[in-house]
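Number of protein chains: 4
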Amino acid sequence: MAEIGARTWVVSGGRVPFPSHGPEPGFTGFDQLCVLNATDREAELALDFYYEDADPAGPYRLLVGGRRIRHIRVNDLIDPEAVLLDRPYGCVLRSPVPVVVQFLRQDTRLPGTVALTGTMAYPA
Amino acid sequence: MAEIGARTWVVSGGRVPFPSHGPEPGFTGFDQLCVLNATDREAELALDFYYEDADPAGPYRLLVGGRRIRHIRVNDLIDPEAVLLDRPYGCVLRSPVPVVVQFLRQDTRLPGTVALTGTMAYPA
Amino acid sequence: MAEIGARTWVVSGGRVPFPSHGPEPGFTGFDQLCVLNATDREAELALDFYYEDADPAGPYRLLVGGRRIRHIRVNDLIDPEAVLLDRPYGCVLRSPVPVVVQFLRQDTRLPGTVALTGTMAYPA
Amino acid sequence: MAEIGARTWVVSGGRVPFPSHGPEPGFTGFDQLCVLNATDREAELALDFYYEDADPAGPYRLLVGGRRIRHIRVNDLIDPEAVLLDRPYGCVLRSPVPVVVQFLRQDTRLPGTVALTGTMAYPA
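Which chain is which? The protein sequence lines are A, B, C and D, in order. The numbering used here puts the first sequence at residues 1 to 124. The numbering used here puts the second sequence at residues 1 to 124. The numbering used here puts the third sequence at residues 1 to 124. The numbering used here puts the fourth sequence at residues 1 to 124.
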């Protein structure tokens, strides 16, 4: 299998929706970074988060196995510090091997509704 | 007609919504891979699906005629094995001729609502 | 002003939603091709539509002035033939000068709801 | 930190939704340009807006600090002239240093609903 993707990916429009409505966990609001690693090697990702009014935070380190995907909920990131809900952010994701990254948001702030938006991230 | 597109395309944020609500088939939830083949030659696509916790499955083989499109509902893929609903996945699509691929999700998990999201896939 | 964009753009996941609900024209369902022409020259676009089960139709010819945008509702295209509602399609847009193309769908098939999805088109 | 991104970005499908429903400011409709500046240098952005029936307006000048993001609501731009609500537009964003730009729309024109759509902008 040839290597597929890029080693650096960026999203700039992050903001985890808050609050959420509807049954958990299916309808909990989230921002998600969806990573595909088509190589044979496990990848240790390094994520840095950028903010409007503070220095970047990170790196957040996450493993994605070889020939595996991982859908990372930004809400779940707490080390080195929690990514605050409802706070605008951008994210630079780096990988030692080529990967592919898609961004997805689920917004259930309004009771009885679900809104989705997403895009391939930008391969830098 | 010049050839248009790429031979390898990737999405990493797949997950067919489940359950569905509303009249079928129009409101059945789906993930879709929308393929345009502007060449004169029929293309036999090969799709491989990647998971969080299992080896990749595939190839799934699908034909797209020359100068035709095909909107592939991931829900409908059953050979070599069904793509399970509500299971996170990524997909690598390969074509012997250049094609263009767009990803689309319709989510009707919540009664009385429709959510859409989509993006051009990543041309590897 | 330097020239910006590409001369060929593609979307493969087209399907104008039908029927529509809500006040017209704001809530009429549509697929839209949004074109920006940053050059000084008027551009005569040529659009070809691809289908699952028929030969391509086109070219549809549309003008976009220099230093202008044009948001083209696919629903409105009738020459050389109407693009049928609720029919899957792909579209190849060609321009004599570089332009930028974004795809947008508004879906109001379900009463009391609005769903949106979109993406930059693929620059071939 | 290596430089990440491009110096020119484009969206062509702009239109700030109007009117809005739901609690402000969280549910006010908007179009947003989300900029990430991973360099060490403050960037003075220059935005030009293109219309269907008028000459371009701009430049709108906005600062984004080094190692910062900025989520720009198009609704808020008033100098050199307001970007009118519900008016189709395209935007060319230029930066003296590489940045990354994502487009996001929130549409609450219909009471009791939220629709989102977005995409990475086009790096020219």
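Misleading hints may appear alongside valid ones.
As the list claims (entries may be wrong) - Partial pick of chain D residues on the chain A-facing surface, computed with a CB cut under 8 Å: (1) 20; (2) 28; (3) 85; (4) 104; (5) 115; (6) 118; (7) 120.
Everything labelled a hint here was simulated from the structure, so no lab data went into it. Note that the coordinates shown come from a computational prediction; the quantities given were computed from them, not determined experimentally. Glycine included, every Cβ here is placed at the ideal spot set by N, Cα and C.
These are the hints, each one checked on the structure:
Look at residue 20 of chain D: its Cβ only gets to about 13 Å from chain A, farther than 8 Å, so that hint breaks. Violation of the interface hint for residue 28 of chain D is found here, the shortest Cβ-Cβ separation to chain A being roughly 13 Å, above the 8 Å cut-off. Given the 8 Å rule on beta carbons, the hint for residue 85 of chain D is violated: about 20 Å separates it from the nearest Cβ of chain A. A distance limit of 8 Å between C-beta atoms decides the matter here; for residue 104 of chain D the minimum to chain A is near 5 Å, and the interface restraint holds.
At about 6 Å, the closest approach between the beta carbon of residue 115 of chain D and any beta carbon in chain A falls short of 8 Å, and the interface hint on this residue holds. Interface restraint check: residue 118 of chain D against chain A, minimum CB-CB distance 5 Å, threshold 8 Å, status holds. The closest approach between the C-beta of residue 120 of chain D and any C-beta of chain A is roughly 5 Å, which is under the 8 Å cut-off, so the hint is satisfied.
This entry does not satisfy hints 1, 2, 3, going by the numbered hints stated previously.
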